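Going line by line, the protein sequences match chains X and Z.
Quick note: the first sequence, position 45, residue 45 per full-length UniProt numbering, numbers continuous.
Quick note: the second sequence, position 202, residue 202 per full-length UniProt numbering, numbers continuous.
Hint data in this document are derived by calculation from the structure and do not stem from the laboratory.
Owing to the predicted nature of the structure, the values given are computational and were not obtained by experimental measurement.
Just to be clear, a hint being listed does not mean it is correct.
For chains that are exact copies, the list does not tell them apart, and a pair is met inside one copy or across any two.
[As the list claims (entries may be wrong)] Result set (EDC-like, lysine to aspartate or glutamate): computed pairs, CA atoms no more than 20 Å apart in a straight line:
| # | residue 1 | residue 2 |
| --- | --- | --- |
| 1 | 102 | 143 |
| 2 | 102 | 158 |
| 3 | 102 | 191 |
| 4 | 102 | 155 |
Protein chains: 2
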Amino acid sequence: MREAFYDQLDRTLGDLVSITRRVESAVSVATRALMEADLAAAESVISGDAAIDLARERVEDSCFALLSLQQPVATDLRTVVAALRMVSELERMGDLAVHVAKIARMRVPDLAVPADVRPTVEQMAAVALQMVHRVVDIIERRDVEAALDLAAADEEMDGLRRQSFRDVLDEGWAHGVEAAVDIALLGRYYERIADHAVSVANRVVFVVTGEYPTADAPA
Amino acid sequence: MREAFYDQLDRTLGDLVSITRRVESAVSVATRALMEADLAAAESVISGDAAIDLARERVEDSCFALLSLQQPVATDLRTVVAALRMVSELERMGDLAVHVAKIARMRVPDLAVPADVRPTVEQMAAVALQMVHRVVDIIERRDVEAALDLAAADEEMDGLRRQSFRDVLDEGWAHGVEAAVDIALLGRYYERIADHAVSVANRVVFVVTGEYPTADAPA
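In isolation and in its complexed conformation, chain X is listed as follows (with noise of 0.2 Å):
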């Protein structure tokens, strides 16, 4: 019966490192839609989030499996509801990649983000992306010393977009409203990511030392 409860629940780890791989991927791919209006990017990313959805029922069902057989408690109950929450997570993140790939694909053929402002953009969708793709190892390896590490990306997330806003806000900003108000939504965007990649890593800290890192708990 315990043996069956940690096959299982190693399968159901196993498969949210797969999810979290699509997510790196889906971000990956609309960064580059993004930066290259390239329209197909966009829609391919638009399209491929019903996988990701897929993949987060297929892990729900398990995690309700596992409770519902297995009756776990103490840290193996906390594991699986640990699972639960990541998985609701890493969809989330899938979300926010097609929300990239949404403003990609309205812009195209321009692009979206002014040449001024591309350096900036281009850090923060490269934070947002080696977050994730940390995250990979993280769950993989339970590393708490590398998710602990993941504050210190978060941060840097932080002040590119304050720099963000200090580029559009400034007055030599030649590329009107919308511009500005895309650049807005896609910091946005990166920012969450970048959130929801440290409270994932949170939470792989919580189940192996049975605390969070801080003392309020992710979001």
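Model the placement of chain Z on the given structure of chain X, informed by the hints.
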């Protein structure tokens, strides 16, 4: 044993109702802060968020206690897991009210919302607030019909958000980039509050009927 379970479950659902009321108040006060450039109102929403976070922790602890001590199955299990998810969403709604309050605070003594876009933003805020208000009833009475009605209000929100984009992208927009960015982000925050309200309501439907109202479950 079973009776103890239902007593504790009822108390937990009662706690969800009171958290929803707190969220309703946060959205209401944040909107007042925004519309009247009321610094004290903004500060009260920002500092009051800790109470919502604390109430969420209490609900999470109760749910864990229910799961590990009572080991519910079938509908009871789904109800406890739904409560765990609802409380996360309610906490996020509180965070979004804080984001609204922070935009208000940043512009005091000025108003963040220029007069010509004010009706659209006021209506978005009113729709969001009404949706949160209805969630109180929906949880309290497990009111499936009212939950299904919420989708219509959410469509109104989508229409208002599109209107707000038209407002700021209009050639006659004379309030510059900063105000446009504020409006875009405010629209996003109110829209997300509405999305979460629908999602919480859908979970109530799921607990009562065993099925989500639409093919794609709430994110």
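Structure-based check of all given hints:
In the homo-oligomer, the alpha carbons of residue 102 and residue 143 never lie at most 20 Å apart, since the shortest distance is 34 Å inside one protomer and 35 Å across protomers. Taking CA atoms no more than 20 Å apart as the test, residue 102 paired with residue 158 passes between copies only; the shortest distance there is 15 Å, against 23 Å inside one copy. Both within a single protomer and between protomers do residue 102 and residue 191 lie at most 20 Å apart by alpha-carbon distance, with minima of 17 Å and 17 Å respectively. With identical chains, the CA atoms of residue 102 and residue 155 are at most 20 Å apart between copies only, with a shortest distance of 19 Å across copies and 26 Å within one.
In summary, the one numbered hint that this structure violates is 1.
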